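Q: This is what each chain is made of:
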Amino acid sequence: MRYVGEALALVAAATLAQARAAAAAVVVQYEELPALFDMAAARQPGAPQLYKENNIFKELHITRGDPAAAFAHCAAVVAHTYRTPPQEHAYLETQGMLAVPQPGGVMQLYGSMQCPFYVRDGVAAVLGSTLGATQITQTSTGGAFGGKEDVPSLPAAHAALLAWRTRRPVRLIYERDEDIICTSKRHAAVIRSKYGADRDGLLRAVEIEYLVDGGAYATLSPIVLFRGVVHAAGPYRCPNVRVDGYAVATNHVPAGAFRGFGSPQVLFAAERQMDELARQLKLDPVELRRRNLLRAGDATITGQTLHASVGATDTLDTALAYVREHPLAPPPANAPHLKYGRGLSTIYYGVGLGVGGEYLARTGATIQINHDGSVVFAVGTTEIGQGMKTVLAQIVAEALGVPFASVEMLPTDTTRVPDSGPTVASRATTMSGNALLHAAGQLRERLNAVAAEVLGRAPLQISLHHGQIFADGAPAALSFAQLLHECAVRRVSLSAQGWHHPRPLKYDWQTGQGDTYVVFSFATNIAEVLVDERTGATTVLRVTAAHDVGKAISPAGVEGQIEGGTLQGIGYALTEEIVQANGVIRNPHFSTYIIPTACDMPELVPLIVEHPFPDGPFGAKGFGEQPLMGVAPAIANAVCNALSISQYELPLTPERVWAALHSA
Amino acid sequence: MNTCRIETPRTCAEASALLQALPDARVLAGGTDVVVRLKDQLIWPPLVEISRLAELHGMTEVDGWLRLGALSTWTEIERAALTARHADVLVEAAREVGSPQIRNRGTLGGNVANASPAGDSLPALIVLDAELELRGTQSTRRVAVAQFCCAPGKTVLAHDELIVAIWVPVRAGWRGAFVRLGQRAALAISKVSVAVRVLRADGIVQDSRITLGAVAPTVLRVPEAEAVLRGQRLSAAVMQAAAEVVCAAARPITDIRSNEPYRRAMCGELLQRALARLAEPTNPSDPSDPSDPSDKIT
Amino acid sequence: MTKTTITLKINGATRTVDVEPSDVLIEVLRDKLGIKSPKIGCDRGDCGTCTVLLNGQTVRSCLVLAVEADGGEIVTLEGIGTDGLTPLQKAFIAHNSFQCGFCAPGVTLAATELLRKNAQPTRDEIKEAIAGNLCRCTGYTPIIDAIEDAAKPANKKTKAKK
Chain A
50 MRYVGEALAL VAAATLAQAR AAAAAVVVQY EELPALFDMA AARQPGAPQL
100 YKENNIFKEL HITRGDPAAA FAHCAAVVAH TYRTPPQEHA YLETQGMLAV
150 PQPGGVMQLY GSMQCPFYVR DGVAAVLGST LGATQITQTS TGGAFGGKED
200 VPSLPAAHAA LLAWRTRRPV RLIYERDEDI ICTSKRHAAV IRSKYGADRD
250 GLLRAVEIEY LVDGGAYATL SPIVLFRGVV HAAGPYRCPN VRVDGYAVAT
300 NHVPAGAFRG FGSPQVLFAA ERQMDELARQ LKLDPVELRR RNLLRAGDAT
350 ITGQTLHASV GATDTLDTAL AYVREHPLAP PPANAPHLKY GRGLSTIYYG
400 VGLGVGGEYL ARTGATIQIN HDGSVVFAVG TTEIGQGMKT VLAQIVAEAL
450 GVPFASVEML PTDTTRVPDS GPTVASRATT MSGNALLHAA GQLRERLNAV
500 AAEVLGRAPL QISLHHGQIF ADGAPAALSF AQLLHECAVR RVSLSAQGWH
550 HPRPLKYDWQ TGQGDTYVVF SFATNIAEVL VDERTGATTV LRVTAAHDVG
600 KAISPAGVEG QIEGGTLQGI GYALTEEIVQ ANGVIRNPHF STYIIPTACD
650 MPELVPLIVE HPFPDGPFGA KGFGEQPLMG VAPAIANAVC NALSISQYEL
700 PLTPERVWAA LHSA
Chain B
9 MNTCRIETPR TCAEASALLQ ALPDARVLAG GTDVVVRLKD QLIWPPLVEI
59 SRLAELHGMT EVDGWLRLGA LSTWTEIERA ALTARHADVL VEAAREVGSP
109 QIRNRGTLGG NVANASPAGD SLPALIVLDA ELELRGTQST RRVAVAQFCC
159 APGKTVLAHD ELIVAIWVPV RAGWRGAFVR LGQRAALAIS KVSVAVRVLR
209 ADGIVQDSRI TLGAVAPTVL RVPEAEAVLR GQRLSAAVMQ AAAEVVCAAA
259 RPITDIRSNE PYRRAMCGEL LQRALARLAE PTNPSDPSDP SDPSDKIT
Chain C
198 MTKTTITLKI NGATRTVDVE PSDVLIEVLR DKLGIKSPKI GCDRGDCGTC
248 TVLLNGQTVR SCLVLAVEAD GGEIVTLEGI GTDGLTPLQK AFIAHNSFQC
298 GFCAPGVTLA ATELLRKNAQ PTRDEIKEAI AGNLCRCTGY TPIIDAIEDA
348 AKPANKKTKA KK
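Protein chains in written order, with this note's numbering: chain A, 50 to 713; chain B, 9 to 306; chain C, 198 to 359.
What the hints contain is simulated information worked out from the structure, not anything from laboratory work. All values derive from a computational prediction rather than experimental measurement. Idealized CB from N, CA, C, for every residue including glycine. Among these hints, one or two may not hold up.
Which chain B residues face chain A? A few, computed with CB under 8 Å, are given here [claimed, not checked]:
1. Gln-191
2. Arg-192
3. Ala-194
4. Ile-264
5. Ser-266
6. Asn-267
7. Tyr-270
Dumping the calculated DSBU-like pairs for lysine-lysine here, alpha-carbon to alpha-carbon at most 35 Å [claimed, not checked]:
8. C/Lys-200 x B/Lys-162
9. C/Lys-287 x C/Lys-206
10. A/Lys-600 x C/Lys-349
Interface residues of chain C toward chain A, partial, derived using beta-carbon atoms under 7 Å [to be verified]:
11. Gly-238
12. Cys-244
13. Thr-246
14. Ile-290
15. Asn-293
16. Gln-296
17. Cys-297
18. Arg-320
19. Thr-335
20. Tyr-337
21. Thr-338
Chain A extracted, bound-state conformation (with noise of 0.2 Å):
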């Protein structure tokens, strides 16, 4: 047994009480051994033995330039180590499965998930069937962030073990304290980095050393890490870079994926170490970001040119705007020991499973448009709340040029669609989005050749918009309803598959040089605080958020992510920390850890910006992620701006807070 919470038995029983008093029932024997708890010491010499003869799991290494010798010219160097702890999804609906024998040998899944190719792949595996007798229905999933990215498929194979043995339909649920026992977590992680910049502010030389506690099993760490020392530095140009990342083998419940998937951490650092640079230079931050933000054209760390959609300089201007606009009311006069402050952040994210999943990066799509109108699609990727369902649906529907209202999803299913990869890395949108405009631009040409034969003319000249059909541009005498029967008559098949790969990626691993990723996403946020200098409490008033979507196809669905991710970030910045001693989670009931109810929530101000991705669907590209990622250095800048404080650390406690100011 590698964690406390990993699975030795399964029970099934006809009640729950009968399940529990037979688990209660089981008897364990355990000899104890030597663990390892420390994310640094797993590396020491000496350390117990967990994973081959290093306890690593993965390291990655980003080589540009000299930055050893860069130092040296630098009129200004920051060095500090910041620490983030393990942060708990706390979606609402916990993990839960039911799995039913079906006749013929085939195991059928319904679940709460984001990724059933994945469980489909696991159940097999664990069962010894085909992938072909394994199908998995994802069902409406209460929240999922990353937590039901590779977890899922550990219920979802336990309890079609228990089918498969006692041949009856079996539900699996975990309750809140297994949830948050059982399951992944954000990696806890440390950041050791240095930052030289010239007189004028330019970044001349960084150097990183990203070390994230991988937990008891790999998992996705190797892939998190990649995301981790990819962003290391944050959007801005540096010709002299080294980043170092490893992901370390510990006894604590497994780390995996979660919204931002080892970025928020290094980009904690990242910003943090933007702030501490100008004060050191005495230069205002928001004119240290402007100088050496990317820009098209531009070269990030790893060597790639971003030739188009690069808003990072666009979001900074739009949310200082806004703020400069807008400004707060002043603090009352008659609290003194409250301090006002503001910080920001500009962040960036790799859209898509990037070349580092580049294997995964396919997805299918089927459409079919039913005799009475009603369009139905299925892709292989699902809905957890962010909204995709309503984003394919509005693609589908301007493709196809039938009203929105006629067109809905299914529920995604193994079956329906070839494997098309997971429901991760903000990659919906743009790649289930892309698959559906090829199935419909199939069906577009199909439609258009039998118009254009009822109507005389030339397909090129026939359009559709709302179920509205025209020719050259005028209302043709021909409806939708007569042009599906014309369709029918001529057996011309309204079904279509639609499939998408983006360009492949050229990547050096050696030295960590070349395309990560198709393209990227920039964010600036701005917090605004007040601290009260005696308690050390942190309210948050008011958070300004620019995001670059490309294209927001639904911007009411944009703004619910951004405020949802927004509030995520604030958790992670002033609550929400998983407490460990001796590999036992101390915290695993919602009145321990501490997520942000409605009376924790600020102002939230979402800001649109629109920088046209030329790949993406209508310009668009995937942000989802993004919205959490900068919120806590933003945060955390604000505080120390507002007390003339350092802070290496988060959350950012009243008890943390208050002990740097007695230390002081």
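Please arrange chains B and C on chain A, whose structure you already have, making use of the hints.
A: Just chains B and C, lined up with the frame of chain A:
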């Protein structure tokens, strides 16, 4: 769930008799804490569900006392005119408890019997000099809330006894405040709480009560800090001096919610905030303001 | 005493059901009566997804024993908007208030209780009324906006009178 036994007595006598007959029984009085704990147990003890005991409901003013039925909910306490008039500090504490759904269900008697060092009713009731009416099979007795808890979860309640009512003496001229820190703005358990009640004449403190919650195994009353206030105006220096005394008196621990030095320091900070609020002049034109008559009459 | 029969008036209909003394109200609603809108998010009163109205007040149905509710009147989301969506529900849709939807039944009942008792709540009163209902998706903003909007007609009427 396992099967267990649950009794729903209709009279106090019946309830006490049941408790005597079922030595491991637990009383259910709203259940917002007890049910949570039961769920952690494989086998449930017998339960005596007392919501149908009419005597335990309602609030009345009797002979200079405010009688709060033990089953008064937080919501009732928050909204009643009687508590607003005679138990200001308890109303403030009630507003801080859990969520609307918990306040609709959780009861004052249940919170007292729970004897949690972080329970929000206890510091407030102690500064009100409140007493508990305890009824057993043989007799009824009154115990000061201050004498009721002996350790976390441990009280002087005999097994056959029920808390029937909480009695708060009606006293003119006293004003109180309850302040606390939680881990977030709502739906939080106190990591430090301070309740204060002060009687002033001409701005001079005649008498006071100060209690600290969540910083010792039971709620702490701090008479040394009360002594600092006696005969003084609530000046910044006096408040500061009292704050230093409560910081020294606190015996906090480090746990999942906070740590020892922070809790200790916050006792003083919260006391100063509570006293500063009481020191503010009251607004006579505002009818909702529980104004301090002693400041005006004398 | 083991099995016992209780009577509940649920969403206007009288239902009798056999329960164990240790059955919790939410289990009875979901598993024995087929009322699935109350959700189990934490099963210990910390999250609010199980919120139902019991005798006109919202409670955590995971903390109420079924026996305690005997003779009581319960309203769940299934009993709200039976004659078409309520103004509150329409406002939730108009504001894109929910994402995953798991908190929605509880939030709807908490807001329903608030608007019944206070037709013109302030924004802070709205926040306090739903403070016991955790939402991890939305950041609460569109939920609060919708409740504010649903309360608006009452606001206008009062203002017009003055």
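Q: Please go over all the hints and tell whether each is borne out by the structure.
A: Hint check:
1. Gln-191: holds (5 Å)
2. Arg-192: Holds - the Cβ of B/Arg-192 comes within 8 Å of chain A, reaching about 5 Å at its closest.
3. Ala-194: holds (4 Å)
4. Ile-264: holds (5 Å)
5. Ser-266: holds (6 Å)
6. Asn-267: Holds, about 6 Å.
7. Tyr-270: holds (5 Å)
8. C/Lys-200 x B/Lys-162: holds (32 Å)
9. C/Lys-287 x C/Lys-206: holds (26 Å)
10. A/Lys-600 x C/Lys-349: Given that 35 Å is the threshold and the Cα spacing comes to 33 Å, the pair holds.
11. Gly-238: Check passed: Cβ of C/Gly-238 comes within 5 Å of chain A, closer than 7 Å.
12. Cys-244: Cβ of C/Cys-244 sits 5 Å from chain A, so the hint holds.
13. Thr-246: holds (6 Å)
14. Ile-290: violated (11 Å)
15. Asn-293: holds (4 Å)
16. Gln-296: holds (4 Å)
17. Cys-297: This hint holds: C/Cys-297 lies near chain A, its Cβ roughly 3 Å from the closest one there, short of 7 Å.
18. Arg-320: Violated. Min distance 10 Å.
19. Thr-335: Holds, about 5 Å.
20. Tyr-337: holds (4 Å)
21. Thr-338: Interface hint status for C/Thr-338: holds (5 Å vs cutoff 7 Å).
Hints 14, 18 from the earlier list are contradicted by this structure; the remaining hints agree with it.
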